[in-house]
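Make a model of the complete structure from these sequences and hints.
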Amino acid sequence: MKLLVGLGNPGAQYSGNRHNIGFMAIDAIARAYGISAWKTKHSGQYAEGNVGGERVLLLKPQTFMNKSGDSVQQIAKFFKIPVSEVYVFYDELDLAPGKVRVKTGGGNGGHNGLRSIDPQIGLDYKRIRLGIGHPGKENVTHHVLGDFAKADKIWLEPLLDELARQTPLLLNGDDAGFMNKLALALKPEEPAKEAKPKKPSPEASEAPKGQSHIRQARPAASKVELPKSGPMADMLKKLLGGE
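If you're matching positions, the sequence shown starts at 9 in this note's numbering and goes up one per residue.
Worth flagging that the hints you see were computed from the coordinates, not collected in a lab. Hints should not be assumed to be uniformly reliable.
Unchecked claim - Simulated pairs of lysine to any residue, SDA-like, Cα-Cα distance not exceeding 20 angstroms:
{"#": "1", "residue 1": "Lys189", "residue 2": "Leu179"}
{"#": "2", "residue 1": "Lys111", "residue 2": "Lys189"}
{"#": "3", "residue 1": "Lys161", "residue 2": "Pro105"}
{"#": "4", "residue 1": "Lys75", "residue 2": "Gly118"}
{"#": "5", "residue 1": "Lys107", "residue 2": "Met187"}
{"#": "6", "residue 1": "Lys88", "residue 2": "Gly118"}
{"#": "7", "residue 1": "Lys161", "residue 2": "Ala191"}
{"#": "8", "residue 1": "Lys10", "residue 2": "Gln128"}
{"#": "9", "residue 1": "Lys107", "residue 2": "Gly130"}
{"#": "10", "residue 1": "Lys10", "residue 2": "Gly130"}
Right, here's the structure in full:
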């Protein structure tokens, strides 16, 4: 069995917070695979189910972020789940919104949830970092405890849907494939390139020497036949000096 943990804070007032994107990820997985029998025990809400042929336990600790490790440790111990089979989804300030990175082990990066989990179960669990962007040091608390903006729905909802869809890749150890699928799903479509107008041929574009383009555009005048006899012919002969 694999343990999939989403980090966040319990309570309706926090449900839309950026800090709760881990909870959102677990909820998206539950929806995608029809996992709905939630139980409240071991300081958390958890539900068992099947994801891509893998038996999983979904967990949302109900201890507030800085005590998340209490619930994770209790569940892992009760169900005898080794640290190598634990996957933790959480918000990452140091990634742009919508970016996802996966790694095993490492430091807590200042994240209070990880800081609580590490001493409880060890470091060698899988970390799924979900980017929320960094607002600058002075605004971090307001940012993480603030709700996602309406504009964020452009990337947030597609990200969560694709994350759930591609979770089997993650559980099968294909971290690179998982990240690539999510990146492709969020990549903006490039606008279709307009066909370049054909260049006119040199023959069509070059005006004959000594003629302007205006002169060139005019049709050549037809040759006028001069009368050879009659009053008009006599007048023209006098005018032009003809004999």
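Going down the list of hints, with the structure as the test:
1. Lys189 - Leu179: 14 angstroms, holds
2. Lys111 - Lys189: 16 angstroms, holds
3. Lys161 - Pro105: 11 angstroms, holds
4. Lys75 - Gly118: Cα-Cα ~14 angstroms, so holds.
5. Lys107 - Met187: This hinted pair holds, its Cα atoms lying about 9 angstroms apart.
6. Lys88 - Gly118: Given that 20 angstroms is the threshold and the Cα spacing comes to 28 angstroms, the pair is violated.
7. Lys161 - Ala191: Answer holds: lysine 161 to alanine 191 is near 16 angstroms, not above 20 angstroms.
8. Lys10 - Gln128: Within the cut-off at roughly 17 angstroms; holds.
9. Lys107 - Gly130: 26 angstroms, violated
10. Lys10 - Gly130: Cα-Cα ~16 angstroms, so holds.
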